[in-house]
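2 protein chains.
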Amino acid sequence: MTTKASTPKGMRDFSPSVMFRRNYIFSVVKSAFEKYGFSPIQTPAMENSETLTGKYGDEGDRLIFKVLNSGDFLSKTNCDANSTSKDLTKKISDKALRYDLTVPFARYVVQNRNDITFPFKRYQMQNVWRADRPQKGRFREFLQCDADIIGTKSLISEIELVQLSDEVFTSLNIPNIEICINNRKVLNGMVEIMGCPELFNNIVIILDKLDRIGIDKVKEEMSSEGVSEEGISVLEKFLNSSDISELSDFLKQSETGKKGVEELQYVSENISKLGLKTAQLKFDITLARGIDYYTGCIFEVKQNDVKIGSVAGGGRYDNLTSVFGLDDVSGVGISFGIDRIYMVMEELNCFPENIDQNTRIMFANFGKKESVFCLGLLKQLRENGISSELYPTSVKMKKQMNYADKKGVEFVVMIGEDEMNSEKITVKDMKLGNQEQISISEFITKLQ
Amino acid sequence: MTTKASTPKGMRDFSPSVMFRRNYIFSVVKSAFEKYGFSPIQTPAMENSETLTGKYGDEGDRLIFKVLNSGDFLSKTNCDANSTSKDLTKKISDKALRYDLTVPFARYVVQNRNDITFPFKRYQMQNVWRADRPQKGRFREFLQCDADIIGTKSLISEIELVQLSDEVFTSLNIPNIEICINNRKVLNGMVEIMGCPELFNNIVIILDKLDRIGIDKVKEEMSSEGVSEEGISVLEKFLNSSDISELSDFLKQSETGKKGVEELQYVSENISKLGLKTAQLKFDITLARGIDYYTGCIFEVKQNDVKIGSVAGGGRYDNLTSVFGLDDVSGVGISFGIDRIYMVMEELNCFPENIDQNTRIMFANFGKKESVFCLGLLKQLRENGISSELYPTSVKMKKQMNYADKKGVEFVVMIGEDEMNSEKITVKDMKLGNQEQISISEFITKLQ
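Protein chains in written order, with the working numbering: chain L, 266 to 713; chain P, 266 to 713.
Hint data in this document are derived by calculation from the structure and do not stem from the laboratory.
Keep in mind that a hint or two might mislead.
Treat identical chains as interchangeable: a pair holds within one or across any two.
With a straight-line cut-off of 30 Å between C-alpha atoms, the simulated DSS-like cross-links for lysine-lysine are [unchecked claim]:
(1) Lys341 <-> Lys320
(2) Lys644 <-> Lys524
(3) Lys644 <-> Lys672
(4) Lys355 <-> Lys274
(5) Lys474 <-> Lys523
(6) Lys671 <-> Lys634
(7) Lys269 <-> Lys356
(8) Lys274 <-> Lys356
(9) Lys664 <-> Lys295
(10) Lys633 <-> Lys418
(11) Lys269 <-> Lys418
(12) Lys517 <-> Lys633
(13) Lys341 <-> Lys355
(14) Lys572 <-> Lys484
(15) Lys269 <-> Lys320
(16) Lys538 <-> Lys711
None of the values given here were measured: they were computed from a predicted structure.
Take the sequences, apply the hints, and build the full model.
Shown next, in the form of structure tokens:
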């Protein structure tokens with residue numbers, strides 16, 4: 266019986282041409298992380314269910330992929346007509362696939378706290394899984410690339426993450442990058458001055474939608490959540506403030522707000538002193554990053570020519586590890602969205618040329634004797650670090666050339682009777698189309 | 266309520282020092298693959314259950330991790346006291362985690378056959394999961410690194426995989442590597458001449474244990490499986506044959522056996538003509554590789570100083586994709602065991618020095634004004650590609666130096682009032698212990 270060849274919905278195969286592009290992005294991000302002193306860690310794909318549940322809200326809990334216990338899992342439980350899926354899940358599944366890299370990282374820090382020297386700068390590039398409804402740009406398996414600095418409240422970390430973002434997107438050659446920055450303490454202060462601190466979460470959620478729904482709808486929604494007219498007029502003042510110093514005036518009355526402004530000022534003043542390579546740092550009071558666990562500075566990185574949402578985002582959190590019993594570990598982190606970065610680079614043509622060429626030289630195959638002869642030359646090329654291969658069989662030249670073409674090969678080497686008897690090989694330049702006779706050592710020199 | 270911080274059994278966290286070593290192995294393997302013209306692909310962590318079940322035998326089926334369907338999975342099925350785990354699994358789980366890279370690759374090839382130019386040389390480095398009993402060196406999540414060439418029967422592929430293995434282990438600086446080679450057709454011929462072709466699988470399984478249980482036990486087990494005394498004496502002749510040519514004499518009577526010897530001879534003669542860098546190629550008639558899907562040449566790579574089993578293995582298979590409805594796709598592949606390679610390299614001290622140093626320079630932090638000054642210098646170092654960081658707070662120098670020490674930093678830069686007013690920075694060499702005053706540009710030159 267044959268099995269149908271298909272992938273589960275929302276999951277992807279990556280072909281060589283896509284993988285070459287993805288690997289290019291990974292290597293740029295990785296080398297930026299390492300240049301900034303971040304060290305790699307990895308955590309397992311599966312965590313104990315209790316590590317993950319209750320950390321992402323009810324919706325998140327539903328989207329976690331659960332792994333069935335091995336063996337005769339029913340022998341340890343009862344299953345009858347009254348069993349609900351939720352109850353049964355707890356009894357037959359004690360592991361689940363990671364939903365993000367942050368909770369596993371927090372678990373890692375607590376579990377390994379005696380071996381870690383703080384401040385701890387780690388990066389992590391691994392897949393996460395979510396049983397989300399698949400749609401354009403949203404997958405059930407995707408890669409997250411996170412860098413975090415934990416165990417220090419120093420704002421130097423915030424400065425570093427802004428510089429790191431600039432470094433990554435500059436190296437990737439992506440133009441028009443805007444790093445938006447705000448501070449949760451500023452938002453706290455604003456909501457305090459609006460006179461409705463108890464509505465903080467609702468206000469932040471509505472504010473986060475400003476881009477999409479517009480100011481009138483924002484006001485309407487806030488009003489129906491219970492924000493007073495006065496509160497809304499205060500909000501408008503904030504939204505119209507053009508820079509941080511103007512904000513500082515409004516926020517004088519709130520201790521938290523003042524602290525937030527100070528933090529923002531320290532970061533943005535130092536960044537403007539240091540200068541960025543290509544990105545722009547921009548203060549944005551409407552930046553809220555949902556109702557996440559952030560407590561201080563928050564960032565979001567956007568590319569201004571492609572409408573795709575943010576390509577990176579992060580912020581400071583004060584209580585990452587407390588849920589695992591370790592209090593007072595402040596941290597700040599950033600997460601790069603590889604899928605979106607990929608889409609932006611495709612659309613703007615940012616990938617280097619020939620990125621999916623992985624064989625520079627192909628030896629054509631003219632028969633048994635000739636191919637054995639080629640193996641020796643092939644060895645010489647590879648010893649000089651030149652990626653190369655021999656077509657494995659002596660099929661029609663058209664087929665061999667087609668293969669070379671599809672693989673983006675630079676030169677095809679042709680060795681027949683003549684070449685075996687002379688000191689010269691015949692080399693065809695696949696781009697220019699011309700052929701030349703050349704010695705192998707000249708050829709190697711040419712390629713280096 | 267706090268959650269206990271722990272990982273599921275058989276699953277591992279990788280700390281920075283381990284990740285630096287693992288990343289080093291990955292990069293060596295990856296660059297060897299690419300130098301030989303293999304292209305990267307990736308497949309999703311989850312496959313449809315039907316893609317995986319029935320491909321690895323009954324034991325394998327039991328060891329596959331199944332993923333619970335999302336949502337209210339019970340609403341679509343009945344569960345009562347008569348339900349068995351096996352029946353219920355089918356109804357509540359339609360996806361599973363990949364068990365190896367070979368079956369997903371076969372599925373990939375069939376699903377993407379119209380976009381693939383054959384012969385197709387691909388490599389794949391991804392985790393696989395098995396619900397195995399965890400024990401020393403056996404994990405429930407581990408990385409496989411496979412390279413395969415499919416769509417050609419040419420023995421040039423076999424030669425390439427031998428050369429590739431030599432390349433990988435030579436680059437990793439691992440001494441005393443032995444590449445054992447045999448051919449399933451030779452084994453077929455031998456069993457035919459032993460007079461019991463119907464016992465092929467049993468004989469091969471017993472033979473595979475020769476190393477561990479010795480010749481007497483092998484004979485005993487074969488005899489109890491039904492091999493005649495004459496058969497066993499034929500086996501002994503084979504085991505005592507010292508090289509391929511001697512074998513060729515014995516195998517004259519078997520067509521399959523003769524073909525196998527020819528294949529072995531072609532590969533080994535060409536390899537000895539080409540020469541290997543550091544590895545030894547050795548013919549080994551006892552090499553059987555279980556009752557796998559192999560049909561031609563089989564390989565196993567061993568390190569002779571460390572008793573750990575093979576560090577790589579593979580072979581030719583004729584029917585990889587037929588189970589997905591695509592016949593006659595011959596292929597040959599090799600799989601590198603990263604965990605075992607890691608253990609061998611640890612034991613033999615093969616890792617380069619300073620492999621887990623990822624920050625070369627640390628700026629000590631003497632206070633607010635000084636640290637802002639450092640940020641400018643730090644930027645200059647990073648612009649010159651030198652990985653560096655600033656300690657984020659001005660805590661006691663002892664703590665800062667301890668951090669630098671733990672991170673394996675080469676130089677600590679100290680900037681106080683004096684340095685800010687002069688053109689010189691103070692640099693402490695962490696290995697030699699001495700300090701010097703030097704200009705930043707001299708320092709950068711020194712580091713490059």
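Enumerated hints in conflict with the structure, sorted upward: Violated hints: none; all satisfied.
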